[in-house]
Amino acid sequence: MKRLWALIVALVVGWLAFGAPTSVAAEPPTGILAYAYNSSHAPDADAVSHDERGPPEASAARAIHNAVDRRSNGASTCPCDLTTRAPYDYDAPRPHERGASTTADTQVVVTADLRRPHPAGVAAETGGAAAETGIASALTASEQRSVASLQRQIAAHTEKLEAYRADPDAFDNLGYLERAPSLEIRQQIIDGRINHLETEIRGFQDQIDKLLGGG
Amino acid sequence: MPERIRVPVDLLRRASELLLNHLESVEGDAIMLDKDYYWTVAQEQLYDAYNEPSTFTVGQLSECLENLERLVEDPSRSTSFALVWLADLMRSAGQTVTR
Numbered sequence: 001m002k003r004l005w006a007l008i009v010a011l012v013v014g015w016l017a018f019g020a021p022t023s024v025a026a027e028p029p030t031g032i033l034a035y036a037y038n039s040s041h042a043p044d045a046d047a048v049s050h051d052e053r054g055p056p057e058a059s060a061a062r063a064i065h066n067a068v069d070r071r072s073n074g075a076s077t078c079p080c081d082l083t084t085r086a087p088y089d090y091d092a093p094r095p096h097e098r099g100a101s102t103t104a105d106t107q108v109v110v111t112a113d114l115r116r117p118h119p120a121g122v123a124a125e126t127g128g129a130a131a132e133t134g135i136a137s138a139l140t141a142s143e144q145r146s147v148a149s150l151q152r153q154i155a156a157h158t159e160k161l162e163a164y165r166a167d168p169d170a171f172d173n174l175g176y177l178e179r180a181p182s183l184e185i186r187q188q189i190i191d192g193r194i195n196h197l198e199t200e201i202r203g204f205q206d207q208i209d210k211l212l213g214g215g
Numbered sequence: 001m002p003e004r005i006r007v008p009v010d011l012l013r014r015a016s017e018l019l020l021n022h023l024e025s026v027e028g029d030a031i032m033l034d035k036d037y038y039w040t041v042a043q044e045q046l047y048d049a050y051n052e053p054s055t056f057t058v059g060q061l062s063e064c065l066e067n068l069e070r071l072v073e074d075p076s077r078s079t080s081f082a083l084v085w086l087a088d089l090m091r092s093a094g095q096t097v098t099r
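These protein sequence lines map, in sequence, to chains A and B. Letter 104 of the first sequence, counting from 1, is numbered 104 in my numbering, and no numbers are missing. Letter 15 of the second sequence, counting from 1, is numbered 15 in my numbering, and no numbers are missing.
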C-alpha cells in the first residue's frame, strides 16, 4: 500500500515539475505582443516596441524624447539636456521689488526701482532725472499702494496704447472711424486718441514722481 | 478771496448718491450713450482761463467705462485719476438724460 502511495505521489510531482509548463509554453501566442508608438512624425519613436505592456524601457526614452525635440523646434524635453541649462535663467527685473521695510511701522523704504514700472513706452520718457540718481524715498503704506496702483495703470495703459496703435479700428466701438467724413479727420481722431493715452500715462508717471519726491 | 476752493468729500458723496438715485429713477439701471469720442483739453491748459487752449486730445467714453469696470473688479487699482474717467461718464450721462 505504501509503495502504491509513493508511486502516485511521484507521478504527480513529476507531472507538475515537467509536464504542465511544457504544455503551456508550447501553445501558440495569442493576443498583442508588441506595442509601438506609431506616429508618422517620429520615426525614431516608431522603432520603440515592446513585447510587454507598460512604460517604455529606459533605453527607449532617449529615442522618444529626441523625436519630440524635432517637433518642438528645438525646445528640448530630453532629460539629458537639463544638465546643460542653468536651473534659474529668468533674469528680468522684478517690477514691484521693494526695499527693506521697517518693522510694524507704516514707513517703508522704496527704492528708485518703483520709478520704472514699465521699461518701454512713454513712461520711460517721463521718469525724471531723479530715477537715475537712485535716490530712495520713504513712503507711507498708503503712498506705496498708490505708487503700485499707478504703476499697474501705466502698464495697462501702455499695453492699450500699443494695441490701439496696431489696430485703431478694433477700438472703434460705435463706428465713428469707419464713418469719418475723410481720411484726414479719421487720422485726426486716431492721433487724438494716441495723444490722450500718452498724456494719461505721463500723468500717472508725474504722480509717481511726486509721490517719490522727484516731481 | 481764498486761494483754494474747499470741497468736502462728504458733500461729493451725498451729491453723487442723490443724483445717481435720481438718474436711476429716470432711466432705470443703465443709460444708453450714443456718443463715444470726445475732446479733452490738456490739463495744464484746462484751468488757464487767461489763455485759449490749443492742445486737445480725444477721449473715449467706452474706454472710461472699461477702466471703471476693471477698477470695480479690482479695487486695489484705485487711483484718484479714476475720478476723471468717472466724471467724463457722469458728464455724458448728465448731458444725455434730459430730466
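Think of the hints as simulated: they come from the structure by calculation, not from any bench. Worth double-checking, as some hints may not be accurate.
Said to hold, decoys possible - Cross-link-like lysine to aspartate or glutamate pairs, in silico, DMTMM-like; alpha carbons within 25 angstroms at most:
no.	chain 1	residue 1	chain 2	residue 2
1	A	Lys160	B	Glu73
2	A	Lys160	B	Glu17
3	B	Lys35	A	Glu162
4	A	Lys160	B	Glu69
5	A	Lys160	B	Glu24
6	A	Lys160	B	Asp48
7	A	Lys210	A	Glu159
8	B	Lys35	B	Glu24
9	A	Lys210	B	Glu24
10	A	Lys210	A	Glu178
11	A	Lys210	B	Asp48
12	B	Lys35	A	Asp209
Computed from a predicted model, the values in this text were never measured in an experiment.
Would you mind confirming whether the straight-line C-alpha gap from Lys160 (chain A) to Glu17 (chain B) stays at or under 25 angstroms? violated (32 angstroms)
Under the criterion that the straight-line Cα-Cα distance not exceed 25 angstroms, is the pair Lys160 (chain A), Glu73 (chain B) satisfied? holds (18 angstroms)
Proposed proximity, Asp48 (chain B) with Lys210 (chain A) (alpha carbon, max 25 angstroms): holds (22 angstroms)
Lys210 (chain A) paired with Glu159 (chain A) [C-alpha distance capped at 25 angstroms]: Given that 25 angstroms is the threshold and the Cα spacing comes to 23 angstroms, the pair holds.
When you check the alpha-carbon spacing of Lys160 (chain A) and Asp48 (chain B), does it fall within 25 angstroms? With a Cα-Cα distance of about 30 angstroms, the restraint between Lys160 (chain A) and Asp48 (chain B) is violated, given a limit of 25 angstroms.
Satisfaction of hint between Glu178 (chain A) and Lys210 (chain A), Cα-Cα up to 25 angstroms: With Cα atoms ~41 angstroms apart, Lys210 (chain A) and Glu178 (chain A) exceed 25 angstroms; violated.
CA of Lys35 (chain B) to CA of Asp209 (chain A), is that 25 angstroms or under? Violated, at about 35 angstroms.
Quickly compare the C-alpha distance for Lys35 (chain B) and Glu162 (chain A) to 25 angstroms and report which way the hint goes. holds (24 angstroms)
Below or equal to 25 angstroms on CA atoms is what counts here, so check Lys160 (chain A) against Glu69 (chain B). holds (15 angstroms)
Does Lys210 (chain A) pair with Glu24 (chain B) here, judged by a C-alpha cut-off of 25 angstroms? Status violated; Cα separation ~39 angstroms.
Holds or violated: are the alpha carbons of Lys160 (chain A) and Glu24 (chain B) at most 25 angstroms from each other? violated (31 angstroms)
Could you grab the alpha-carbon distance between Lys35 (chain B) and Glu24 (chain B) and see if it respects the 25 angstroms cut-off? holds (20 angstroms)
Going through the hint list in order, the structure does not satisfy hints 2, 5, 6, 9, 10, 12.
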